[in-house]
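*Asks:* Residue strings, one per chain:
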Amino acid sequence: MDIGLFNYWLAIVIIMIGFYGVIARRNLLKQAIALGLFQTGVFLFYVTMGVYRSPDGVPGIAPVWTDAAKTGPFDNPLPHVLMLTAIVVSVSTLAVAVAIIVNIQRKYGTIEEDEILEADRLSGDR
Amino acid sequence: MHVELPEAIRAHLPVLVVILPLFGGLLSLFLGLLGSIMRGSGGLLAWLWSCLITGLTLICSASLLFDVHAGGPEVYRIGSWPEEYGIGYNVDALNAFVIFVVAMIGFLATVYAKDSVASEISKDRHHLFYAVWLLAICGLIGITVTGDTFNIYVLLEISSLTVYTLVALGGDRDRRALTASLKYLILGSIGATFILLGIGYLLMLTGTLNMADMHAQLVRMREAGELENNRTLFVSFAFLMVGLSLKMALFPLHLWLPRAYTYAPSAVSALVAATATKVGVYMTFRFVFTIYGGVYDSTLDLYLLALCACAGIVLSSLSAIRQTNVKKVLAYSSVGQIAYMVLGFSLANDAGVTASVIHIFNHALIKGGMFMAVGAVVLRVGGNRIEDFKGIGRKMPLTMAAFTVGGCGLIGVPMTAGFISKWYLVEAAMQRGYWFVAFIVLLGGLLALIYVWRLIEIIWFAQPDEPNKQIAEAPLTMLIPMWILIGASVVFGVDATWTAESAHAAAQLLLHGGP
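Chains as they are written, first to last, in the numbering used here: chain A, 1 to 126; chain B, 1 to 515.
Calculated directly from the structure, the hints in this document are not laboratory data. It is possible that part of the hints are untrue.
[As the list claims (entries may be wrong)] Straight-line alpha carbon distances no greater than 30 angstroms define the calculated DSBU-like cross-link-like pairs of lysine-lysine that follow:
(1) K390(B) x K469(B)
(2) K114(B) x K107(A)
(3) K123(B) x K107(A)
(4) K183(B) x K469(B)
(5) K107(A) x K183(B)
(6) K469(B) x K30(A)
(7) K123(B) x K183(B)
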């Protein structure tokens with residue numbers, strides 16, 4: 001089945017939803033979640049990039065095991081492998097972000113950006 | 001600078017400068033455990049260990065720099081895989097120089113960190129601090145040494161995640177460090193993700209991740225006429241430029257920087273201000289010149305960068321004048337100084353790129369030294385507001401003398417390193433006939449004079465609020481690294497032969513692909 005550029009459009013939509021969330025949400029945890037979504041869109045973009053079809057839609061054949069009936073369709077594994085690393089990076093980023101947010105909650109008693117700014121303003125710029 | 005190491009080690013230098021801090025950082029955690037068994041000396045043990053590791057890294061990077069100057073570029077294939085398949089570390093005149101700068105600052109900042117960390121971070125976390133610290137240095141050097149674009153992304157995230165953590169550790173002293181760190185994390189991750197997208201488009205186009213191979217493929221495609229109005233190439237360049245500008249805090253995208261530098265622990269400010277954004281500038285060199293050079297017509301983009309840089313120099317200096325917190329003055333001044341580097345390479349001629357590379361080195365010396373001086377005041381006085389600096393020159397003359405000499409470097413007074421950078425920059429602008437740019441550079445110096453003089457006046461001439469309060473001079477572990485950096489900035493301001501030659505070789509390599 002040929003789905004054309006559908007996946008790329010989807011990747012861009014996910015990226016933009018995440019990006020919007022990071023900018024528009026005032027709750028720090030929601031910003032962190034949106035950041036995760038933003039990065040997930042990029043994963044989809046990379047994974048889609050690895051799909052290999054000839055111009056008339058025939059799937060690729062593995063370069064070593066050339067018996068297509070046994071091996072099934074072949075896609076470029078490199079972008080997929082890259083994304084394994086990127087997923088680890090994304091999870092670590094989220095972990096650091098959540099750890100910082102937990103500490104903010106402890107010190108400020110809130111994770112709403114407006115309330116934090118207000119608290120900083122009241123305590124004066126030292 | 002001649003360091004003689006055994007041949008068996010010299011062959012592996014490109015990878016050693018990354019592996020030493022990487023494993024050193026991990027082992028530092030076990031040292032902390034050991035220290036807690038020996039009742040609470042984990043911090044000291046971890047500090048000694050970090051000094052050893054960064055010292056060895058510095059020796060390796062000095063030897064690497066010497067080897068590259070003597071024997072030309074080196075390629076190190078990890079696991080002996082050909083570069084098209086595996087990860088290759090490429091060292092040439094440009095990044096050997098930057099690696100040396102990062103390793104040197106890394107070592108000096110580690111020596112400096114002892115007392116500053118002891119007073120600013122709670123005791124049970126010292127060994128964790130040094131573990132993250134070493135990993136940050138590993139990431140920064142790794143970005144500089146690698147010749148693989150995806151590897152750049154991974155190492156960029158290693159350095160960024162560790163720096164976010166280091167900034168957040170300032171939360172022990174001031175809770176605003178936490179919000180500053182989170183803001184840095186969010187903007188930094190957006191930047192890194194844009195870089196990842198840009199690399200993705202390049203991978204789509206060329207089918208390779210190795211920089212040299214990428215460039216070769218792009219040249220081949222251009223000769224075959226496949227790159228006419230190629231939108232993939234254009235989009236990749238756009239994503240990379242936005243991502244890199246965020247990472248190096250180019251003017252309109254600098255919002256994370258002032259707060260992160262201000263509320264971070266003093267030692268972290270010194271390390272990060274002197275290295276992190278410089279490595280961002282280095283990455284931009286690599287992408288703009290090594291990969292897109294001669295393939296993509298970036299005239300318009302460089303013009304845009306130059307415009308941002310000019311605006312950055314003027315507006316961030318104006319912001320620096322208005323600040324009431326000394327660290328924030330220095331942070332805004334950093335935004336302006338980064339704009340000088342961007343301005344240099346966006347002129348894209350020999351003198352401009354030379355100015356850019358030389359300013360990476362000079363500004364690392366000056367800003368590293370100045371943040372160290374402020375850290376010493378934080379240690380002795382307990383704050384970094386302007387009021388805390390009243391008359392401090394009489395109590396801590398050596399520290400404040402270093403601060404003053406560094407300030408002269410920021411202005412660009414002759415006989416300091418800052419003057420050399422500006423000289424090349426103005427020369428580059430003149431060669432291009434951009435009188436406006438030359439004017440902006442001189443105006444930037446004038447504005448720097450205002451914000452530096454404002455501090456110097458308070459430090460040396462104002463009456464302290466409590467004249468009889470005893471304030472001791474900074475300890476030697478702080479004074480020595482500080483004066484090495486500031487002293488070097490004067491030495492290389494008087495005789496710039498070595499830095500100018502290194503920077504010129506790097507510029508030749510970037511613009512013409514060889515010396």
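*Asks:* Which of the listed hints are not met by the structure?
*Replies:* 4 and 6
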